[in-house]
Amino acid sequence: MNNRRIFLKNSALAMVGMGSAPAWLSRALYAQDAPSPRKKVLVAIFQRGAVDGLNVVVPFGEKRYYELRPTIAIPQPDGTADSAIDLDGFFGLHPSLAPLKPIYDAGQLAVVHAAGSPDPTRSHFDAQDYMESGTPGRKATADGWLNRALMVDAAGPESASSPVRAISMGSELPRSLRGRNDAVSINNLNDFKIRDARGADTFESMYTGTLDKVLNGTGRETFDAVKILQSLQQQPYQPGGGAHYPNGRFGQALMQIAQLVKADVGLEVAFTDVGGWDTHVNEVGAKPSAGQLANLLGNFGQALAAFYQDLGDRMADVSVVTMSEFGRTAKENGNRGTDHGHANVMFAFGGGVKGGKVYGDWPGLQPEQLYENRDLNLTTDFRDVLGELVTRHLGNRQVTNVFPGYTKPRFRGLVAT
Amino acid sequence: MRKYLAPAVILLSAAALLAAPVPKADQAAKPDYSAFKKKLTPDDQVLNAVDRLTFGPRPGDVKSVRKMGLKKWIDLQLHPERIPENPELATRLEPLESLRLTPDQAAHRYPTPQLIRAVAQGRQLMPADPLERAAIERLVRRIKTVRGEPDNDPLQPRTPLDQLLSPGQIRTLRSGSLDQKKELLASLAAGNAASNIDDVLIALPPPLRNQLLPAATPDVRRKMVMLNAPQQLIAYDLSEGKLYRAILSNRQLEEELVDFWYNHFNVFLDKGADRFLVPSYERDAIRPHVLGHFRELLESTATNPAMLFYLDNWESVAPDTQRRPAAANRPVRGLNENYARELMELHTLGVDGGYTQKDVTEVARCFTGWTIRAPQAGGGFFYNDKVHDKGQKVVLGVVIPAGGGREDGEKVLDILAKHPATAKFVSRELAQRFVADNPPPELIDRMAKTFQKTHGDMREVMKTMLRSPQFSSQGAYRAKIKSPFEMIASAIRATGAELDYAFPLAQQIAQLGEPLYRKLEPTGYSSVNAQWINSAALLARMNFALALTSNRVPGVKIDPDHFTADPAQMARQMLFTDASPQTRAAIEKALEKQQAASQAADAASPAKRGGRDQKPKAVPPPPSAAAGSTSALVAGLLLGSPDFQRR
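Quick note, the sequences are listed as chains A and B, same order. Counting in the working numbering, the first sequence runs from 1 upward without gaps. Counting in the working numbering, the second sequence runs from 1 upward without gaps.
To be clear, the hints were calculated from the coordinates, so they are not data collected in a lab. One should not assume that every hint holds.
Below, in silico cross-link-like pairs of lysine-lysine (BS3-like), each with a Cα-Cα straight-line distance of 27 Å or less [stated by the list, open to error]:
1. B/K449 with A/K227
2. B/K271 with A/K213
3. A/K227 with B/K593
4. A/K139 with B/K38
5. B/K449 with B/K30
6. A/K193 with B/K589
7. A/K139 with B/K519
8. B/K463 with B/K449
9. B/K557 with A/K193
10. B/K39 with A/K139
11. A/K213 with B/K39
12. B/K593 with A/K193
13. B/K37 with A/K213
14. A/K213 with B/K589
15. A/K139 with B/K593
16. B/K37 with A/K139
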């Protein structure tokens, strides 16, 4: 990977005799002078804990929904803050997702209902693993779909990819991003450096010089990334478009992803997660706009909307997709909550997404229509959604490489071709 | 037939050409175990053993093990009861009260969110103890606000701070030196001052109270944590306890094994009732059995409320259980397979151990009725025969006749404990932790044989492993990357740092990627190297190392005089071996730069030239501090170096 060894000294860029700079860097350098072919970006968001899709995008047109959930159903749209927000006359958004409504109305937000993994497991851990590896049912897969989605740069070895083409916000590298392509985990963009300046250069030469292969590899990636990100750390970031990200880990993660997109550092895929969705008990509060789910969705919706506003025109290049390991039971349990289920809801918005619509085949909630008599049945495989985004948005046509074993993906037309 | 052969051949080749090459998941190259046949020098054997069996050598440890003799030392570590314990450890553990409580006591002493909710709903009275009351008042208020409910219970009037302390005292708390703050808090706690320490703590605004954590004594500190949220105190005690033991205990192998077995039988602290069930779990189900028989570990974990709650078995009932009339409108609860699956997949046989989905269901049926009496109130294990599935089960080919009770589950544990796949799986996990990520099959086989022969005597299995040639081979030498916990504990031990309190270290460990007791998945934290090496974690290690040696980690103090001036010597001091050439070269370069920088600063400094300037100047740091700061830097660079990340 010699051609990635570009040494950046402070703000000056010095290429060290490895031939010309990688193409992506040239593009970034001369961005002001020439319109650069900017990379498409895919942002994957994992809602860990199995979010209750039936209360996130509410099938208010289905009478049975209200019979199954006498105390925790979200009421039909009536204009108040405690009822669903009408999307298409049958489905509605949970009121706390109001910030997403304008994006839906602008034709940029798509909903896919009754989507998810066909694997029957209701174990969080297994199901997350299957969804992140992209191979439901197979435990032996070592890498993740998002890593495999990255292409070897078609322009050839000279134009090696950015050290920060794949990032994950957090202090762990998620399963989705494990694999042969370098991926960097970033806890906090502003902190992604050696804080004590006296140590920076020394550590770098230790880690890039060490014969310890494991530490050398990651060490190089890390310091390459540190250098690229240095310029971003000079000033506090100001979100554009009047966007206001909510406090908390998720909001900050999205803000930093936006920052990275706008900084043109060669980002291609980004991952972050948000937890707390495992609402077995007291899912809904005294009113639909209160309680656990409402609070979580409020934060979730605000952060996504802020991201959308912040990026503004750049959204043309960026697609965001959300997923969760499985859904929850159609019927509420005895604790004003729901238990582990099957199919769920996914969101996709941004560049090229044909939004303003609820995709998928609604299976219904009558007893014979449920999965194992208890859960929403699955009619869209999550790999159809992710596969379409990878193929049509990122441009990686080798979908069966990204999802090994999934030989017949059915794209639903979410993304403009 | 022949005329079809040619087209068939063509078809086959065509198929081969057309088949889209599915990229295999990153496959390890065929493993080469030859390094495990190369013996280490005696000195390296000692260092290797100390690295593996302890949380890192302290100054002098390697020498004293060499003196005792390696075999003797290993045997001693295998018998922790023969090792006199470090008296300082008991002193440190003493204030950590929640670690000694039963679940019932813990549940009541450290109110759960459920209890707080009950108080908010008026179903329970506020506790009488003013500290406990103050602790939950804020949380009760928050619940009521979220629900938009009226507040019937008036906030206990708090004496404002300025009625308890003089302006001078308040100033000290806000902006005094650490020593001044310590002195003031100590005198308040001792009852020397006019005001009661509890009142003062309650009156302090939370941000200021948290800032004062480093200045408090252990008892006062716990009160401060309690006021933030009562159940945080249990997490606090657990983390402190684990760190003190790793750093101070003389029974190092035992501590390594408690960490290993806790991960093997992982429980996630933050799941509901587990918040107060974990201390007794680690203390009663794990610790006593780490060098005992495996079947005991199975029993103790299978009957422990923490495990039953975490993996939901406490809710698992026979599918045809008669519902009581009062519960008529509750959904039918049924079989929960979570524990059954993880028991086989993670605790015993391993994912390839040869069990089927049917086995999972059958095992789950056997464990119906293994439940907890009132988990949220800290109840204990009890076997409820009324909800037990009485049918016949077949587990891994063994018929368990109908009509059984608790013994059905016991039989399953017997079967699993004796199963050859279990012996292999457990042996492999141990070898991964103590030898190398990819241990040679012959070692695993020998350990498994010992396991089966001794009916799962873990001490014997450990002995087989630790006395094996593979353990003391080049293949094992520095083959493991330290986990965050090991890295930080070993840094404290190597530097002989003074520990005021350990909790900030736990926060650092979380930053490095291993929040203690908080692995969500039942797999626990993996010991495989790849788990710990990613950019964020690597930067965090380097940042920690530099912060530690320049005394910027709260609660930890390093005496700069501890470090020698000579970097090569310091390397040997920290690493207990020579630094690699790359590390050495990098440090030498850093020192040159420091020299140059300080020379330039000296030349430019007017103070040194006799101060022609009359303007007041900041006092230049005394020379010894500057030199100290250089050796502190070198120490930090060593602790953050690739060399130090290995064990």
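Status of each hint after checking the structure:
1. B/K449 with A/K227: violated, 52 Å
2. B/K271 with A/K213: Cα-Cα ~38 Å, so violated.
3. A/K227 with B/K593: holds, 20 Å
4. A/K139 with B/K38: Violated: A/K139 and B/K38 sit about 34 Å apart, past 27 Å.
5. B/K449 with B/K30: holds, 25 Å
6. A/K193 with B/K589: holds, 20 Å
7. A/K139 with B/K519: holds, 19 Å
8. B/K463 with B/K449: holds, 12 Å
9. B/K557 with A/K193: holds, 24 Å
10. B/K39 with A/K139: violated, 36 Å
11. A/K213 with B/K39: Holds, because 22 Å separates the two Cα atoms, which is no more than 27 Å.
12. B/K593 with A/K193: Holds. B/K593 to A/K193 sits at ~20 Å (cutoff 27 Å).
13. B/K37 with A/K213: holds, 22 Å
14. A/K213 with B/K589: holds, 23 Å
15. A/K139 with B/K593: violated, 51 Å
16. B/K37 with A/K139: Distance ~32 Å between B/K37 and A/K139 Cα, so the pair is violated.
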